[in-house]
Amino acid sequence: QVQLVQSGAEVKKPGASVKVSCKASGYSFNNYGVSWVRQAPGQGLEWMGWISAYTGNTNYAQNLQGRVTMTTDTSASTAYIELRSLTSDDTAVYYCARDRGSSPGMDVWGQGTTVTVSS
Amino acid sequence: DIQMTQSPSTLSASVGDRVTITCRASQSIGSWLAWYQEKPGKAPKLLIYDASSLESGVPSRFSGSGSGTEFTLTISSLQPDDFATYYCQQYNSYSPLTFGGGTKVEIK
Numbered sequence: 001q002v003q004l005v006q007s008g009a010e011v012k013k014p015g016a017s018v019k020v021s022c023k024a025s026g027y028s029f030n031n032y033g034v035s036w037v038r039q040a041p042g043q044g045l046e047w048m049g050w051i052s053a054y055t056g057n058t059n060y061a062q063n064l065q066g067r068v069t070m071t072t073d074t075s076a077s078t079a080y081i082e083l084r085s086l087t088s089d090d091t092a093v094y095y096c097a098r099d100r101g102s103s104p105g106m107d108v109w110g111q112g113t114t115v116t117v118s119s
Numbered sequence: 120d121i122q123m124t125q126s127p128s129t130l131s132a133s134v135g136d137r138v139t140i141t142c143r144a145s146q147s148i149g150s151w152l153a154w155y156q157e158k159p160g161k162a163p164k165l166l167i168y169d170a171s172s173l174e175s176g177v178p179s180r181f182s183g184s185g186s187g188t189e190f191t192l193t194i195s196s197l198q199p200d201d202f203a204t205y206y207c208q209q210y211n212s213y214s215p216l217t218f219g220g221g222t223k224v225e226i227k
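As they're listed, the protein sequences go chains U and C. Sequential numbering from 1 applies to the first sequence in our numbering. Sequential numbering from 120 applies to the second sequence in our numbering.
So that you can see chain C by itself, here it is in the shape it has in the complex (with noise of 0.2 Å):
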């Protein structure tokens, strides 16, 4: 199985922070990586999919690199709006589809 391992688990930011989130993969996924944006009582969002590329709709102060065994989502000045969990994905494998541990953004 391919591991997805999210670093921090919590981070702590103020309204206008730029931050940063880490996904490594256990193996190489090419860029076959999607980062899910959850808020409590709601189904998860897509926000960014092939690792780079934004999902439509999705503000662009969202934005996400990184290829191989590392990955990155940045969210380049944090808006109320995004204090949530967000969690990577890899699609490289379907036997099985891994998730992240999860990263939730807090308000500091």
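Only chain U is shown next, with the shape it has when bound in the complex (with noise of 0.2 Å):
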């Protein structure tokens, strides 16, 4: 079945830098792309941004433009997020989801990593 699979939780120091991945299985994974979406405790969903799978093409969310990076490896199946710099701030959620970049928005998603920050 179509699933996306997340690395597991993460504890980091303030000023560390955390990369999650997310691999994909059970469809064409160079045929969309893939947003990453965070919620810190208690609060909604943030869009941190969108990869393409095929093109490497990112989209970034202008308030962590300069401390994130997307990648996916094809050959893998897997999109990757790296945040650095950490703050408290950043300690959340972190979901990957399958996203065209177009209709019909977010599809599947995976299971959730938390990062939790922490000195």
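Derived from the structure by calculation, the hints contain no laboratory data. Careful, some of the hints might be misleading.
30 Å max Cα-Cα, derived DSSO-like pairs, lysine-lysine [as the list claims (entries may be wrong)]:
#, chain 1, residue 1, chain 2, residue 2
1, C, Lys-158, C, Lys-223
2, C, Lys-223, C, Lys-161
3, U, Lys-19, C, Lys-161
4, C, Lys-164, U, Lys-12
Not the full set, but computed from the structure, chain C residues with beta-carbon under 8 Å of chain U [as the list claims (entries may be wrong)]:
#, residue
5, Ser-184
6, Gln-208
7, Thr-217
Chain U residues, not near chain C, derived (Cβ > 12 Å throughout) [as the list claims (entries may be wrong)]:
#, residue
8, Gly-8
9, Lys-12
10, Val-18
11, Gly-33
12, Tyr-54
13, Asp-73
14, Glu-82
15, Ser-85
16, Thr-91
Here the structure is a predicted model, which is why all the values come from computation and not from measurement. C-beta atoms are modelled at their ideal positions from N, C-alpha and C, and glycine is treated no differently.
Starting from the two chains in their separate frames, assemble the complex, guided by the hints.
Rendered as structure tokens:
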């Protein structure tokens, strides 16, 4: 079946970097993009950016520009997000989602990866 | 940026009730709107896309309507499994893509 499986929980110190993976299966990875969305404790959903799996073109949220990098490894059907210079405000559950960059929106989601930033 | 405003932020309802959630966009987004359901500890789930198209496998008691700047999600007869938080999201523009603030549907 179509699914996205994310890497496990991370605990990082302020100032460190984190890299989360998202492995796709059950569909043609190159035909879609991937959006990354995070949710801080008790908060709503925040879109972080989108990457085309085929071209590698990216579109990042303005507030994360310079700290975030999204990449894909098409041979492994895997997407990655790296976030640098972490602060406590980056403590959240991070989700990847299959996303064409248009309709129908984010139709398949990963299970989420908890990233905790604490000294 | 396109701002998405949902109302109400919290809604108390009983099983069997008809429930309506509203989402307003700060500028016209055509029909490029999706609705998601989120439950504690679970990833969001796509319910409605293109404002009114029901995602495969989603019960028919869920429906969406609207275009331009005003949209609604309706649950025709609330079921116990429907108590959750609902988010609208516009995908007219990915610069940036934006979500509404969420509507929590609670048991009355």
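Results for each hint:
| no. | hint | result |
| --- | --- | --- |
| 1 | C:Lys-158 x C:Lys-223 | holds (10 Å) |
| 2 | C:Lys-223 x C:Lys-161 | holds (15 Å) |
| 3 | U:Lys-19 x C:Lys-161 | holds (21 Å) |
| 4 | C:Lys-164 x U:Lys-12 | holds (28 Å) |
| 5 | Ser-184 | violated (16 Å) |
| 6 | Gln-208 | holds (6 Å) |
| 7 | Thr-217 | holds (7 Å) |
| 8 | Gly-8 | holds (15 Å) |
| 9 | Lys-12 | holds (21 Å) |
| 10 | Val-18 | holds (19 Å) |
| 11 | Gly-33 | violated (9 Å) |
| 12 | Tyr-54 | holds (16 Å) |
| 13 | Asp-73 | holds (22 Å) |
| 14 | Glu-82 | holds (19 Å) |
| 15 | Ser-85 | holds (20 Å) |
| 16 | Thr-91 | holds (16 Å) |
In the structure shown, a violation is registered for the earlier hints numbered 5 and 11, in ascending order.
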